[in-house]
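Going down the list, the sequences are from chains U and A. All you need for the working numbering is the position in the first sequence, starting with 1, plus 1247. All you need for the working numbering is the position in the second sequence, starting with 1, plus 1247.
Calculated from the structure, these hints are not laboratory results. Please read these numbers as outputs of a predicted model, since none were measured by experiment. Possibly wrong hints are sitting among the right ones.
For chains that are exact copies, the list does not tell them apart, and a pair is met inside one copy or across any two.
Said to hold, decoys possible - With a straight-line Cα cutoff of 20 Å, these simulated EDC-like cross-link-like pairs (lysine to aspartate or glutamate) come out: (1) Lys1590 - Glu1310; (2) Lys1450 - Glu1370; (3) Lys1597 - Glu1297; (4) Lys1396 - Glu1268; (5) Lys1391 - Glu1251; (6) Lys1479 - Asp1386; (7) Lys1255 - Asp1511; (8) Lys1448 - Asp1566; (9) Lys1255 - Glu1514; (10) Lys1635 - Asp1304; (11) Lys1635 - Glu1473; (12) Lys1411 - Glu1446.
Protein chains: 2
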Amino acid sequence: MISEKMMKLVGANSAIRVMFEEGRRLAAIHGSENVYDFSLGNPNFPAPPEVNAAIMDIITNEESTLVHGYMSNAGYEDVREAVARSLNSRYGTDFGHGNIIMTVGAAGGMNIILKTLLNPGDEVIVIAPYFVDYGNYVDNYNGKLVVVKADPHTFQPDTDAIEKAVTRRTKAIIINSPNNPTGVIYSEGTIRSLAAVLEAKQKEYGNSIYIISDEPYRELAFDGAEVPWLTKFYKNTIVCYSWSKSLSLPGERIGYLVIPSELDDYETVFAAAVIANRVLGFINAPSLIQRAVARCLDAQVNVAAYDANRQLLFNGLTDAGFECVYPSGGFYIWLKSPVADEKEFVADAKNFNILLVPGSSFAWPGYVRLAYCVSPDMIIRSLPAFKKLAGTYRL
Amino acid sequence: MISEKMMKLVGANSAIRVMFEEGRRLAAIHGSENVYDFSLGNPNFPAPPEVNAAIMDIITNEESTLVHGYMSNAGYEDVREAVARSLNSRYGTDFGHGNIIMTVGAAGGMNIILKTLLNPGDEVIVIAPYFVDYGNYVDNYNGKLVVVKADPHTFQPDTDAIEKAVTRRTKAIIINSPNNPTGVIYSEGTIRSLAAVLEAKQKEYGNSIYIISDEPYRELAFDGAEVPWLTKFYKNTIVCYSWSKSLSLPGERIGYLVIPSELDDYETVFAAAVIANRVLGFINAPSLIQRAVARCLDAQVNVAAYDANRQLLFNGLTDAGFECVYPSGGFYIWLKSPVADEKEFVADAKNFNILLVPGSSFAWPGYVRLAYCVSPDMIIRSLPAFKKLAGTYRL
Chain U
1248 MISEKMMKLV
1258 GANSAIRVMF
1268 EEGRRLAAIH
1278 GSENVYDFSL
1288 GNPNFPAPPE
1298 VNAAIMDIIT
1308 NEESTLVHGY
1318 MSNAGYEDVR
1328 EAVARSLNSR
1338 YGTDFGHGNI
1348 IMTVGAAGGM
1358 NIILKTLLNP
1368 GDEVIVIAPY
1378 FVDYGNYVDN
1388 YNGKLVVVKA
1398 DPHTFQPDTD
1408 AIEKAVTRRT
1418 KAIIINSPNN
1428 PTGVIYSEGT
1438 IRSLAAVLEA
1448 KQKEYGNSIY
1458 IISDEPYREL
1468 AFDGAEVPWL
1478 TKFYKNTIVC
1488 YSWSKSLSLP
1498 GERIGYLVIP
1508 SELDDYETVF
1518 AAAVIANRVL
1528 GFINAPSLIQ
1538 RAVARCLDAQ
1548 VNVAAYDANR
1558 QLLFNGLTDA
1568 GFECVYPSGG
1578 FYIWLKSPVA
1588 DEKEFVADAK
1598 NFNILLVPGS
1608 SFAWPGYVRL
1618 AYCVSPDMII
1628 RSLPAFKKLA
1638 GTYRL
Chain A
1248 MISEKMMKLV
1258 GANSAIRVMF
1268 EEGRRLAAIH
1278 GSENVYDFSL
1288 GNPNFPAPPE
1298 VNAAIMDIIT
1308 NEESTLVHGY
1318 MSNAGYEDVR
1328 EAVARSLNSR
1338 YGTDFGHGNI
1348 IMTVGAAGGM
1358 NIILKTLLNP
1368 GDEVIVIAPY
1378 FVDYGNYVDN
1388 YNGKLVVVKA
1398 DPHTFQPDTD
1408 AIEKAVTRRT
1418 KAIIINSPNN
1428 PTGVIYSEGT
1438 IRSLAAVLEA
1448 KQKEYGNSIY
1458 IISDEPYREL
1468 AFDGAEVPWL
1478 TKFYKNTIVC
1488 YSWSKSLSLP
1498 GERIGYLVIP
1508 SELDDYETVF
1518 AAAVIANRVL
1528 GFINAPSLIQ
1538 RAVARCLDAQ
1548 VNVAAYDANR
1558 QLLFNGLTDA
1568 GFECVYPSGG
1578 FYIWLKSPVA
1588 DEKEFVADAK
1598 NFNILLVPGS
1608 SFAWPGYVRL
1618 AYCVSPDMII
1628 RSLPAFKKLA
1638 GTYRL
């Protein structure tokens, strides 16, 4: 009786979420300390203390009808202004509140902008491996997903392949750097090359092709790596941000869209995106937490702790004989399955109470994803299990 | 360059929101104390103190990764269980957490359930006058809106007209009681009659026809009026609730869906709705406020204050000569325009710094809506302006 689209989704529920439920089941049997759950990007590190301090101060000192009430669908003007100023100071940009829409996380922002842009049949390019829900977001608006494979060695976008994939119907390309699942940061060279390809194609077709940049991992970059700020390289860029990772607030659903004034049809796109926020049922980003993050724009989670986890897990896995991409950002390790069918490997790992997500969930079989936003203790406890697992493959 | 659907919406932006912006403009000119803004359902009463006390306690005593972290897409199990128990104690039902999905407000809940149920072309009945975004929500999933007029005297749904409007493609009917914009509570007689019509039609067509009950005004019922709890009258009922009005938290975007176990295809509908919550980009209802409302299930805003406002404004308007529906619930007064074209009346009212929403925005020209969730002072200050406005019509 339900819709056909949803029937398919019920049949093939997100492997990541299934793994999350599986983790709870195994923990009930073996005790949670004996289950090594690397499946979900749910930060194990607390929010920085500034966040709760801000919440406390706001509910104590600001008026209830302001803090908990409606505001413009775009978000509080003072919050948007603070976000714009913070971006300007970091990236030398010139944004104002008219370039910012507060959103229900980056996922909310992506749905808003796709709703804004897509006519049925419009094509949206994604770079495999990619977060599986991009496909669902595009399908919400009856867009057509076009999957282009990343370079299989560097996992940077393959701009030659992208060039071939662009058609007259291409409306947007979604990119995600630092990348989930690979941990790769797209280099400035890649971005320049991508921008050049899109500029040429826009000219060829007389269309606008938008980059939708999904950036929840922006602040998690290691070894001094810089994540290029895309609006400086390509004017038709829309940034989707979330504080889920940078402030460990994934449950709060708080993020923003950046829609630069230089964007083609900026005024219409911005106005439509604000309306889309309303008609999709978000209405506005949650109010109290909007006001709280505006006070925490310079705060961040303990990046050094993520870095320590990264080293610990990467070294442990490679010592055990596994082959992994060394992540330069985000909080995932992308590991090459020792057998071609990585689902078999995931099943074997489960016998050692290790929970992994198969690469097939990211349209890239043969690899698995580990989320290391977990306690270092769990990583340490898991390493003997990984050794045993490797042993079964004679690594 | 944006989508055609959104282009239409940008052209015809919500009159309610336009009025909201207009109010800010007039306030800047005349001073906010000289503008009588009855346009937006943004509660002027603070949240009950229990809410901020709960927030304070939660951030002080509960762990950050729990309070701000991901949970199941359906919401925290303990929160859902608490909501179910609260409903059971009030309505003699037998819900458990498996019947509750925490949502980003009622608007989020409605989008989730429409996404779950609708195939393109499926029909959804609404009762005019109705909240204009119902049409946009249905259109998000390419459903077809079928508008049935309420009884023009009582503003109760006209069940004979509904019977005639149901077809083989009817998937759902959206009802809203206490009603926005009329303030009418649908009587038990109406509900029984509606249920009988739908039962017969389900039998005739061998289909399921769902009632989607949008209930943000449920707790705002006056003079001891009872709002019938629909799942007791019709098993294929899905309730969309929000704490926006009952706890004055409209900015926080917090509500829930009730999906009863007796519903046709309950398990599939529930599973699909949880997935829809994710793929639409909500992911989950905001986490901290989920935990807070679970502790405030017996709290509510000052209903007596709304009641006082209701009397004050209704008496003032009728004294001035206007004809209004006496509201039994919600926080709106539905006023008959003294001229056929109520948009002319709205424009005239603006000359007296009175902001009203035209009935056309609810598919019911000839009436206007006043939201009395405002300060009693503003009502008192507005009455002379209403008298002058009435004078121009020689009422």
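Quick rundown of the hints versus the structure:
Proximity of Lys1590 and Glu1310 under a CA criterion of 20 Å is satisfied in neither setting, with 53 Å inside one chain copy and 34 Å between copies. When the C-alpha separation of Lys1450 and Glu1370 is checked against a cutoff of 20 Å, the pair qualifies only within one copy, where the shortest distance is 17 Å, while the shortest distance between copies is 42 Å. Taking the closest pair of Cα atoms, Lys1597 and Glu1297 never come within 20 Å of each other, the shortest separation being 38 Å inside a single copy and 45 Å across copies. Taking the shortest Cα distances, Lys1396 and Glu1268 never come within 20 Å of each other, neither inside one copy (30 Å) nor across copies (46 Å).
Taking the shortest alpha-carbon separations for Lys1391 and Glu1251, both the intra-copy value of 17 Å and the inter-copy value of 16 Å come in at or below 20 Å. With identical chains, the CA atoms of Lys1479 and Asp1386 are never at most 20 Å apart, being 29 Å at best within one copy and 36 Å at best between copies. In this homomeric assembly, Lys1255 and Asp1511 come within 20 Å of each other (Cα to Cα) only across copies, at 19 Å, whereas the closest approach inside a single copy is 36 Å. With identical chains, the CA atoms of Lys1448 and Asp1566 are never at most 20 Å apart, being 46 Å at best within one copy and 67 Å at best between copies.
With identical chains, the CA atoms of Lys1255 and Glu1514 are at most 20 Å apart between copies only, with a shortest distance of 15 Å across copies and 37 Å within one. When the C-alpha separation of Lys1635 and Asp1304 is checked against a cutoff of 20 Å, the pair qualifies neither within a copy, at 50 Å, nor between copies, at 45 Å. Taking the closest pair of Cα atoms, Lys1635 and Glu1473 never come within 20 Å of each other, the shortest separation being 37 Å inside a single copy and 64 Å across copies. In this homomeric assembly, Lys1411 and Glu1446 come within 20 Å of each other (Cα to Cα) only inside a single copy, at 14 Å, whereas the closest approach across copies is 55 Å.
In summary, the numbered hints that this structure violates are 1, 3, 4, 6, 8, 10, 11.
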